[in-house]
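Chains as they are written, first to last, in our numbering: chain Z, 1 to 181; chain P, 1001 to 1182.
Among these hints, one or two may not hold up.
Derived lysine to any residue pairs resembling SDA-like cross-links, with alpha carbons at most 20 angstroms apart [claimed, not checked]:
#	chain 1	residue 1	chain 2	residue 2
1	Z	102	P	1098
2	Z	102	P	1046
3	Z	102	P	1182
4	Z	71	P	1098
5	Z	131	P	1113
6	Z	71	P	1097
7	Z	128	P	1159
8	P	1012	Z	54
9	Z	102	P	1105
10	Z	175	P	1172
11	P	1012	Z	158
12	Z	177	P	1098
13	Z	175	P	1159
14	Z	177	P	1109
15	Z	177	P	1113
16	Z	71	P	1090
17	P	1012	P	1078
18	P	1012	Z	175
19	Z	102	P	1175
20	Z	128	P	1113
21	Z	175	P	1007
Since the hints were derived computationally from the structure, they do not count as laboratory data.
Chain residues, written in single-letter form:
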Amino acid sequence: MIFLRLFWTFFKIGLFTIGGGYAMVPVMEEALVAKRKWIADSEFVDILALSQSAPGILAVNVSIVTGYRIKGFAGAVVAALGTVLPSFVIILLIAMFFARFKENETVERIFKGIRPAVVALIAAPVFKLGKAARVNRYNVWIPIAAALVVWLFGFSPIWVVLAAGAGGWLYGTIKRKRGAQ
Amino acid sequence: MIWIQLFFSFFKIGVFGFGGGYAMLSMIQGEVVLRHGWLTAQEFTDIVAISQMTPGPIGINSATYIGYTATGSVWGAALASFALVLPSFILMLTLFRFFMKYHESRSVTDVFAGLRPAVIGLIASAALVLMNGENFGTPQGDSRQFIASIVIFAAVFVANFFFRANAILLIVLAGIAGFLIY
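If we strip away everything but chain P, and leave its shape as in the complex, we get:
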């Protein structure tokens, strides 16, 4: 059963994953954390961190990791990655043949006028869902972790957004901060 669910989950993510890496994260999270509970929000965040620090597309990294942890088998990792890439094959090879016809068409332009802003909202939702007690601590439970987390979040956001600081560098610095604080 898990194999079929895994295949369909990642196939769906491949079909509806518009807007690149970060937007795809919201899809993966929706299927893997919210729907099937294969991973907790914390484990999911850890995978995103690992994906940021290792080469390759985030989508493939998450599919491989989740496929392996959900089944405990290398074949689970292969199945999830294959399911994620399969829709791209079908769509890209079909689209390529009709490229000119479709790409210039008004209907496609209209669909994307709606899709583009919604994808931005999906990225925001991925961040919002992950802002929980597992990742940040709670003010009641561990106020020190909660405050430290808020400070790290704000510092990384400002450094990345305003000063275009490199993501990998920021993750390394946050790791050092965690090691020193806790």
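Just chain Z, same shape as in the assembly:
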């Protein structure tokens, strides 16, 4: 029973949040903390912080930890499956029919208008998230350099993640050693 309820709760979370990521947070809070009382408010915040600092999809990360907290490893699997399944099914249906649908002249006209809009929607969070990521005039060269090596030189973003993580660690360690002396 608990597995079914776990699956169903996360299935609804996956089904009703459009846009993903942070849009899912209030929906999850309501379902997991307010309604089901599976976890406490403070624990939800901890799980959220942990999920944000780990790689991967935020909603999936939250469902894995919450599922694990409630019913161990099987709970984690069931919760993750619930979160992923709605988008999997919907996108699969679209993928199966979109190729044919795309040949349609009207659809092509509509998508010609949509494409530049999507690029703008990807560009906008750069400036919105810049503040949250504590980008300031001393470290603004980091995002600029990261964007340029990927865009102009075709470097894989994976190298950027590795270099930025290693660089941050090295800088912090050296700074602390100097401070200690």
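Use these hints to put chain P onto chain Z, whose structure you have.
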């Protein structure tokens, strides 16, 4: 071969995909468009548009779509989605047990001080790579499409950034504009 490549590509995206949906887009694009050429920049943009309008995380939506189109099989979609989620399982369950110890540690704070601004740059790179002739038209080829695209881009950027207009609404409006213009 394609199955193994698909698995490793999305596993890598799962391991290195820091910073949520949009940052993950740059990873997916790097692997799927630039490295393996499974999709063109235009097809990739279409998937992002579809992902924005349908429920669920962008990462899962793209993995499912790309897995299906690259292999022509439902199993390709399942494999790509599974590969994307697998690192989360391993990492989250490990991290959860050592949560307090790791989360407060100085080394983790240092790593993230470098990682956070770089992720912002990766989102920017995703937008820059997609600003090409396939998505915007070219001034030489089709100047009407080029100008219309620039106007749509600027309008959507301003509406979303300054007025916090809803992304789905903007995509619908841009679609209507495209239908009327072309």
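### Task
List in ascending order the numbers of the hints, as given earlier, that are violated by the structure.
Numbers 1, 9, 10, 12, 13, 18, 21 - these are the hints that the structure violates, sorted from lowest upward.
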